[in-house]
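With my numbering, letter number 66 in the sequence shown gets 66, and the count goes up by one each step, no holes.
Some clues are possibly wrong.
What the hints assert, rightly or not - Mimicking PhoX-like on lysine-lysine, the simulated pairs with C-alpha atoms at most 25 Å apart in a straight line are: (1) K258 <-> K335; (2) K282 <-> K258; (3) K264 <-> K209; (4) K130 <-> K301; (5) K199 <-> K209; (6) K130 <-> K257; (7) K257 <-> K222; (8) K105 <-> K272; (9) K301 <-> K282; (10) K130 <-> K105; (11) K258 <-> K301; (12) K301 <-> K257.
It should be emphasised that the hints constitute simulated quantities derived from the structure, not laboratory data.
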Amino acid sequence: MPTGSPDVHVRECTKGQTPPYLAICTEPTSFLRLRPMYILLLYFGWVMAFQIVRLAGTTIGPNHYEMVSDANPKNAFWYIENGTDLLWPVPIRRLPSCSRMFVGKLVYSSTPKSNSRQMKKMLCELLLRKLGMNITKDVEDDLTTGKNWCLRSHGRAKMSYLKGWENLNNTKMFVWRDPVDRFVSMYGHVCISLKRCGKAGESIHTAAKAFYEYLQFGTVPKGAVTPEFFVHHISPTSWSCDIGAYPTEFVPIAYSKKPEVLIKRLRRVFRKVEAPRSWIEKALRRLKKTTTNKARLDPKKAGRYDRWMREVRSNPTTMSYVLATYYHDYRLWNKRMPTINKL
């Protein structure tokens, strides 16, 4: 059975060794080193699983969305549970709706839990100024406390895909957040604060497994509220707004929890808004004076994010589920995947 170092960047799997608790193999031929009987059993297992999912697929889940990429890249898979179970990366699919903002020659594509609400507020302020609207105290208060004048449906936009948008002569950008960090934030928001995860929200470990199984197979966690809301928040960045279909068309802006760092990174692309520099600086300062995560302002709750992060990184099985779920968010933009520690 193939094995490898717990570092996900290992290039080869070695025959005859007991695999660590989790390993990833990046050598396409390594899969053939399994014994023929194991290969045969694995093949029939996958066929049966596919038929069961296909016949039982009465609930609309991720598998019903348009496929963008091959579901099983041969050079990336994880062994868990002492090498008995195999995890393939979740494929790139396309969500049925998209939230975008067009301001000047800048197109921002929104992805949940990647500073999206703040981004929309800043761009909304710039758009209002470009339209000649004065930013009165009432407008400023609304933008600061949560209301977004530029979007419908309580700050969320459900817009149809625009045909030919990818050929427009503009700068397309999104905020890229490390998937492990983003997963922890999603867990705190969707499962703990909003209590939308049902049984999957019992721990960060059950959430990692449930997120993977829902996005891979469409298995709705028991007690989860509104699967559409669920998949909107937990889906990979590559599923949003054709980002995964046209990865080279987009400029990824790396997320940072430090406002001054994120402001510096955003300043470069905000020039495409074609607005006076003073307007841009005023909008960017919004990152310093507001936050969309009230839990982080509560000292009693702030520490739990660090605790959840430690729990994820210290558990190889949980990390394997997270990396298999958000694999393409690393691969498409050549981001280094974190290492997986053996127990």
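Now for the hints, and whether the structure bears them out:
Between K258 and K335 the CA atoms are separated by roughly 20 Å; this keeps the pair inside 25 Å, and the hint holds. Annotation: proposed proximity of K282 to K258 holds, straight-line Cα distance about 17 Å (limit 25 Å). A hinted pair counts as satisfied when its Cα atoms are at most 25 Å apart, and K264 with K209 does not qualify at roughly 36 Å. The hinted pair formed by K130 and K301 fails the criterion: a straight-line CA distance of about 39 Å is larger than 25 Å.
Restraint check for K199 and K209: satisfied, since their Cα atoms lie roughly 11 Å apart, inside the 25 Å limit. A hinted pair counts as satisfied when its Cα atoms are at most 25 Å apart, and K130 with K257 does not qualify at roughly 29 Å. Between K257 and K222 the CA atoms are separated by roughly 33 Å; this puts the pair beyond 25 Å, and the hint is violated. Note on K105 and K272: the hinted pairing holds, with a Cα-Cα distance of about 5 Å set against a maximum of 25 Å.
For the hint pairing K301 with K282, the CA-to-CA distance comes to about 30 Å; that exceeds 25 Å, so the pair is violated. Restraint check: the Cα-Cα separation between K130 and K105 comes to about 12 Å, which is no more than 25 Å; the hinted pair holds. Between K258 and K301 the alpha-carbon distance is near 19 Å, which keeps this suggested pair within the 25 Å criterion. For the suggested pair K301 and K257, the alpha carbons sit about 17 Å apart, so the restraint of at most 25 Å is met.
The structure fails hints 3, 4, 6, 7, 9 (numbered hints given earlier, in ascending order).
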